[in-house]
Amino acid sequence: MELTKRTLLAATAAFAMAGAGPAVAQDWPSGPVTIIVPWSSGGGTDATARMIGTLLEDEIGVPVAVVNRTGGSGVIGHTAIADAEPDGQTIGVATLEIGSMHTLGLTDLTHEAYAPIGLYNSDPAALFVRTDSDYDDANALLAALEDAEDRAFKASGSAQGGVNHLAMAGMLLAAGMPPDRVAWVPSEGAAPGLQDLAAGGVEIATASLPEAAALIDAGLIRPLAVFASERLDSAPDVPTFVEATGHDFALGSWRGIVAPAGIPEDVQAQLIEAVGAVVQKPEYLSFMNDRGYATQWTPGDAFESFMEKSDAALAESLAAVGLAK
Amino acid sequence: MRIHDSLIGALLVLFGGWVLFVALGFPDMPGQSIGPGTFPSVLGVAFLLGGLCLIVAGRSRGTRRLADLNPGWRRAPRLLAAGLATIGVLVLALSFETVGFPLSATVLLYALFFLEGYRGPQWLALCIAFVFGMHLLMTRFLLVPLPAGPLESFL
Amino acid sequence: MIIDHLGNALELVLTWKMALVMLSCALFGLFVGAVPGLSATMATAMLVPLTFFMDPVPAISAIVTTAAMAIFASDIPAALVRIPGTAASAAYVGDLTALTAKGRVGRALGISVTASAIGGVFGSLVLMFAAPQLALVSLNFTSFEYFWLALLGLSAAVMLGNASVLKSLMALAIGLMIASVGMDTTSGTPRFTFGSASLLDGVAFVPALIGMFAVPELIRTFVHRDETPPVAPIGNPFRMFEGLGRVLMTSKLNLLRSSTIGTAIGILPGAGSDIGSWISYAVSKRFSRKPETYGKGSEEAVLGACAANNSALSGAYVPAMVFGIPGDSITAIVIGVLYVKGLNPGPMVFLTNADTVAAIFLVFLLANLLIVPLGLLAIALASQVLRVPKIALAPLILGFCIVGSYSIDAAASGIVIMIVLGVLAYLMEENGFPVAPTILGIVMGLLVERNLVSNMIKADGTFMPFVERPIAAGLALTCLVVWTVPAVGWLLQRRRRAAARTAAKQES
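Residue numbers (our numbering), protein chains in the order written: chain A, 1 to 325; chain B, 1 to 155; chain C, 1 to 508.
To be clear about the criterion: a stretch of chain A counts as covered by chain C if any three or more of its residues have a C-beta under 8 Å from a C-beta of chain C, and this derived list gives those stretches: (1) 197 to 208; (2) 288 to 294.
Examples of chain C residues toward chain A, derived with CB under 7 Å: (3) Y339; (4) M348; (5) K458.
In case anyone wonders, no lab produced these hints; they're calculated from the structure. Model, not experiment: these values are computed from the prediction. Built from N, CA and C at the ideal position, the CB exists for glycine as well.
One chain only, chain A, in its complex shape:
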C-alpha cells in the first residue's frame, strides 16, 4: 500500500515537471517555449526536435515543450507555426514539405511565412535494390532501365509526390530518361516501401540511409548510390550518384528550426544563438550520430536562401512528374 502511494507520488511529480518551472524575468524568453512539430511523435522529426528541446531547456533556463500538430501531410503543423504569436515563445520545425505542399496545391503557405533560425539536418535520399538483384552498381541499373519498356520496373519509397518519388523521377530525368520509365508504387512512408522491396514486391526503392539501416544490416537490401554532392560520413562506402554514373543529381529531406515571420530581430538573434549552441553540444551530436542522422548548422539568412533553392528545385521536379498545380 505504501509502495503504491509512493509510486503515484513519483509519477505525479514526474508529470508536473513537464508543466511547471521557474519563469526567468527578462525580455526573451518571457515564459515557457513551445516547439511545434508537424509530424507525429516517435518519428524522426519528433525525436530530433525533442532532443533539441531538452537541451534548449538547459540553455535558456525555461521549460521547453514539444507539441505534435500532425495531419494534412504536414499542412496543419506548418500552418500552426506560421500563425503563432511572433514573440519567440513559439517556434517550430519546418521540413522539406514546406517547399512542396504549396506546389501540390494543398496550401498557400510558403517558407516566406517564417523567420529562419537554422537548418540542423539534411538526409539525402539513396537508391536501393534487393541484395540478390543482378545490378551490382548504379550504372548497371541505369543500363537496364535504358533498355526496358516504360513501367516495366516498379519502384516505391514514399507517397506520390513525396521526396523519395521526386528523387526517383529526378534521377531518371538526370540520366536522360522519361520519369514514366519506372512505375511509382505509392507507399505511406519509407518503411513500407523498403519492406515491399525486401519482400520482392518492387525492384527499386529510394529512401534515406538511416531509414534503411535495419534492412541493410539484415543483408536484405543494398544501397547503390546516394543522391548527395559528397559521400556521407556515416556511410563512406556508398558512392554518390554523380561519382557512380556521371549524372549530377542530389536531393534529400531536411529539417530546420523556424519562428513565425515578424518576430523582433533581437529575439531572432537570441534564438539563433541559443539553438546554435544546442546543436554543438556533444549530447546532441552523439544522439544524431547514433541514429544515423547527418548534422549541420546553417543559421539565419543562409537557411533562408537554402529554403528558396529547395523550393525551386521541388517545383521543377513536381512539374516533371506532372504533380504541380
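Chain A is already provided as a structure; the job is to place chains B and C on it using the hints.
Same frame as chain A, now just chains B and C:
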C-alpha cells in the same frame, strides 16, 4: 427509429450514385492508370447493388409504414434530452474554443440531469465537480489543452 | 542465443528502480485505459518525453508496461459503458456488454484479463525465442499478400455477427467509405471533405470508435429506457470472479489456438494487431459447440479474442525490433524510443546489445504477468459503478465521450465526428445493421485501398500477379472458401427444405 428496408435501400442507392458521381470526378494520378477515385467508385457500386438488393428484400416483406418511432420519442423530456445529447453537443463543439469546456459542459450535463428528473443543487454540484475535476485532470495531469474559454485566466 | 543472456538480463530487470518504474507505469496505464475515451496510444505518447531521462531498459519497459496495461484496461469501460478503447476490442465489445447486462461483469472482465495475460505471455515467449526468424517470414508479405489478408479480416467481420450478411456488408462498406474521407495519402487529392480543413486528415479513429459504440447506447438510455431490460445487479466484489478458473481450464485449446493465430497475424506490420482478434473470433466461432451465443454474451468468444488481441500486440514487436518496421502507432513510438536510446532496431541489435534485448523481452513477460493482479483489483473497483442506475450515469458518460474525442488530437472536430457517427450508428443498430464491421472498415480502409492501388499499379491491368506468389494464392483461396462454404451450405439447406416441403405436400 425503425425505417423500412426498402426506404433504406433507396437511400443507399442514392448515396451510391452520389459517391460514384463524385469519385469519377477526381483527377487521375499523373502517369498512373488509376487514381484517388478508383476505390470510392468500387464502394459506390457496392452501395448501388446492396441498396437494390435491400429494396427487393424489403418489398418481399410487405409495404407497412415507412418509418416507426419508438414511443419514447413522443415524450417531450426524452426528445429534448436526446436532442441535447446530439445537437447540443454539436453546438458545444462548434463553440468549444470560445466558450470553453468547463462552462459549456456544466450547462449541458446539468440540463440532461434536469430533464431526467434529477433536479436540485446537489446535482448541479455533481456536474460542477465532475466537469472541473475532468478539466484539472486533463490539463494538469495528462497535458491535454482543454480550452477554458473566459475562465482561462482563472483556472 | 537469448538464453545465454538471461542471467545478465535478470540483473538489469530485477532492481528496485525497475520495480518502481514498472509499477508506476502499470498504474498509470491502468488509469488512463480505464477512463472511458482515453486510449492506450495517448498514454504511451505522453510518456515519450519522460523516457528521455531514463536508461534504455527502464525507458522501454515504461512504454511497454503502460501500453499493455492500458490496452487491457480499455476493456473495463468497454464492458461497463460500451466505450471500447481499441479497434481490436471492438470485435468482442458486444459479448462483453451482454455479459455485463446479465450481471456477469466480474466473470467477463476476469476472463478478459487472464486471457489477455496468457495471450501476452505466449506472444512474448515467441518473441523471445524466434523473433529474427519470424521477422524474415513477415518480410515475404508484399502488397498482394496484404490485400488478401485484409480481405480475409474484413470477411471475418462480416461473418462473425448474427445480422444479415447483406446488412453486414453494407455496414462494412460504410466503414470503408468513412475511411476514404480526407486527403488521399497517395495522390494528395482531397476526397469527400466538403471543403473542411479538419477533414483533410480523415475521420479520426478514436472519436469514431467512441461515437459508434457509446452514443447509440446513450440515446437508447435517454429515449427508450423502458424497452431495455434492467441490468442485473452485481454481487459481492469478493465473489465476482467465481467460476473463472473452471472456464479457463475447459478452454485450453481455444486459448492455445487463439494465441497462435494472434501471434501469427500480429507479426505482419500494419495489419496484424488490428485484425488478429477479429480473425481469431471468427475461427473460434467456427470451432465452438455453441456458435449461436457469439455476439450475445459468449465467454468463449471473449476469451479467444482477448488472447489473440494481446498475443498479436507482442507479435507486432517482432518486425519492430528486427527491422524497425512499426506495426501500429504504439510500436512506432517504441521504435522512436529505441533509436533515441541508441538501440537502433535491426538484426544487429540482437548481437551488439543482446543483454539489453533479453532484458526487454523479460519486461514484456513481466508486464503481461502484472496485468492479472492489478487488473483484477481494478475490475473489482470499477465494477462498483454499476450500482449507480444507468440513467444517472448517462450525462457523465457523455462528458467522458466529449473529453475523449477532443483529447486525441486536441481538436473540437473530434467531438463533431463522435456525435455525427454516433447518430448514424444509432440508426444502423435500430435497423439491424451491425456497427462492428463499420469500425473494422474504418481501421482497415486505408490498408485495403493502399494495397489494392499498389497491386493494380504493379499488375498493369492484369489479374495474374494477384495470385502468382504462393502465400498470396493461399490467402486468396482461403478467402474464396470463407465466402463460398456458407453460401453453398445456405443453398443446400434451402433446397433440402424445399424438397421436404414438396414431400410433405405429396404425403398430405
